[in-house]
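Participant: The residues making up each chain are set out below.
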Amino acid sequence: MSDRPALAARGLCKRFGNGPSAVVALDDVSFELEPGAAIGIVGENGSGKSTLLDLLLGMTRPSAGTVEVAGPVSALLELGAGFFHELSGRQNAVQMALLSGKSSAEAKALADRAGDFAELGAFFERPVRTYSAGMLMRLGFAVASSLAAPVMVVDEVLAVGDGYFQRKCIDRLLQMRSGRVTLVVAAHDLHALRSLCDRALWLREGRVAALGPVDDVLDGYEQHLRRRSGAGTAPGRSGTGEVVILSVRLTDGQGRERAEFCTGETLRVEVDFETRQPLDSPVMGVALFRDDGVYCYGPNTLFDGQLGKVYDGRYRLTAEFDELPLLGGRYEASVAFYDSSHVYAYAWHHRLYPLRVRSDRKDHGLVWLRHRFEVRELDPP
Amino acid sequence: MPAGRMTLFPSWVRSLAPLVGADLRRRYAGSLLGGAWAVLAPVLEAATYGVVFGWVLGASASRGLPYAVLIASGLFPWIAFREAVEGCATLLPDNRWIRRSRVPLDLLVAKLVVTASVRAAIGLLVVLGFALATGRRPGAAGWLLPPVAFVLQAIGTFGVGRLVAPVAALAPDLRPTLVSALTLLTFASPILYPESAARGWLRTVLLCNPFTHLLRLYRTPAEPLAGAGLLGSLAVATSAALAMAALGGWVRERAWWRARDLL
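Taken in order, these protein sequences are the chains called X and B. In case it helps, the numbering used here puts the first sequence at residues 1 to 381. In case it helps, the numbering used here puts the second sequence at residues 382 to 644.
Just so you know, the hints here were simulated from the structure itself, not pulled from any lab data. What you are looking at is a predicted structure, and each value in this text was computed from that prediction instead of being measured. Treat the hints with care, as some may be off.
Computed far set for chain B versus chain X, every beta-carbon distance over 10 angstroms [said to hold, decoys possible]:
1) 553
2) 569
3) 580
Estimated spans, in silico, between C-beta atoms of each pair [as the list claims (entries may be wrong)]:
4) B:410 / X:112: 49 to 55 angstroms
5) B:584 / X:125: 56 to 62 angstroms
6) B:644 / X:222: 30 to 36 angstroms
For each residue, glycine too, the CB sits at the ideal point set by N, CA and C.
Work out the full structure: start from the sequences and follow the hints.
Facilitator: Structure, rendered in structure tokens:
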């Protein structure tokens, strides 16, 4: 294996404009990626993610610093960018391949593969001006991922596609990773980034706020987002629909439905659900949030090692919390069913089930942790 | 371009033909005659000029060249140039997506130039057709020079386009200025009138204008050039085309990155 990194950014700075009105979009960003590594780029809007990707692709020149890329890079940056609207999907695929330096025969073969992957049907032969945003994303991803470049850069466009195609894209990216393709992915879908990437870079106002293992960086970023919004992510329902949550009941240890619990009591979350098709090893989870959005705890069957079964029909999932450690306050429960890779949600009811916890304890904080105090007299100095 | 694959032209040249074809089809999409309009429209235009100037107003062309032929051989190449240059002036604002794509600016400029050149090609065919129909014998050089002029015009226009596209994005004032300059240049070139009609300072202006020499080359089948005149015009037209190509490349290299950041 070569010691040469697949991608190296060193001291990257990008300033737009001159003088006092100049805007610093990126300031001293450095990182290296080995072949086959994957890095997720996160940050709020305007944090410099797109500028960084543009610099990595050579689409703009850095004000300072250097970028080194070992080999060609394929990219999916903006919906429809680079497509000629009068040409068909197939013709555009050929054009993209030709512009990437492929021969005519290679370009035609690539267009066939991209057409199969994009599943656009008859639309593949129609002008792309007739395409919806989702179809543009399908075509763009299909072409970019078919170019077989050793490095691929993707910027926040996957969210445009439907659940089915998002999953297909993520599967393709995972395959590419296992084929030692180096990935740089900017996204707001932190679940997807956790599954796709081994490292993450958090940009804040153009500077590196954190760079390191994906879970460490994304945990910090999520915490930052919660602090900023004063709450966690908003309650709601989402998912691709392979699982339908029929009902959710919060009960005590005797199975009585309740809305109020005491610290130390048993809390059961009973979820009746139905699968719309046979599902192999779905991840099922329950999470508890304080009503201001603070994430308290979120176990699932993946972390507990309880996968490996095919589900097809109606079931009841029960999550039981013995000796509920939460201190007094208002809380909300979330219920989620994910695919086996824990990337995309079949069904996710987020913070939809409220409960109140009463506590006669005077402890401060979120949870009661088993503890003891001991005071010993120290030897005289 | 992948290592080891050497070609005379940049790889984007392979993308040009389908884009030009699609652009021409789009222009006449839905019309009864379709692509035939690409030929019919300029021919009708030339005929109109011929009727109005040559017949109604009684304007005279040079050396027995019918006014319609004079117009076709002058106005069409000129419109092709003007259309391409004006298109390049709005190319980047009209295609902001290019900032985040790998489509080369040169491909979009070349597409405009080639699409616009269809008119110039029709002007060329009108002159060649007239020469054939009237039994003129301009010699081998006379037959060859119009296609040479066509290629020189395309090279020069491509250079101007590469210059104008990024500079007009950086300095939007260039666009209206350019329109006025091109209008002025329309009358400072022997497009709507024969060169022989110019006297005094206007003749000096015409001789300093490379487009005059280009039009001489276009018109050789109908108005043969000879000796020093032919070589002089060929030299001026070639030098101007190559100079514009070089200048366009130089400016594009410097201005494109700054323009891209502004989009």
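Participant: Each hint should be assessed against the structure and marked as holding or not.
Facilitator: Comparing the hints with the structure gives:
no., hint, result
1, 553, "holds (16 angstroms)"
2, 569, "holds (36 angstroms)"
3, 580, "holds (48 angstroms)"
4, B:410 / X:112: 49 to 55 angstroms, "violated (27 angstroms)"
5, B:584 / X:125: 56 to 62 angstroms, "holds (57 angstroms)"
6, B:644 / X:222: 30 to 36 angstroms, "holds (33 angstroms)"
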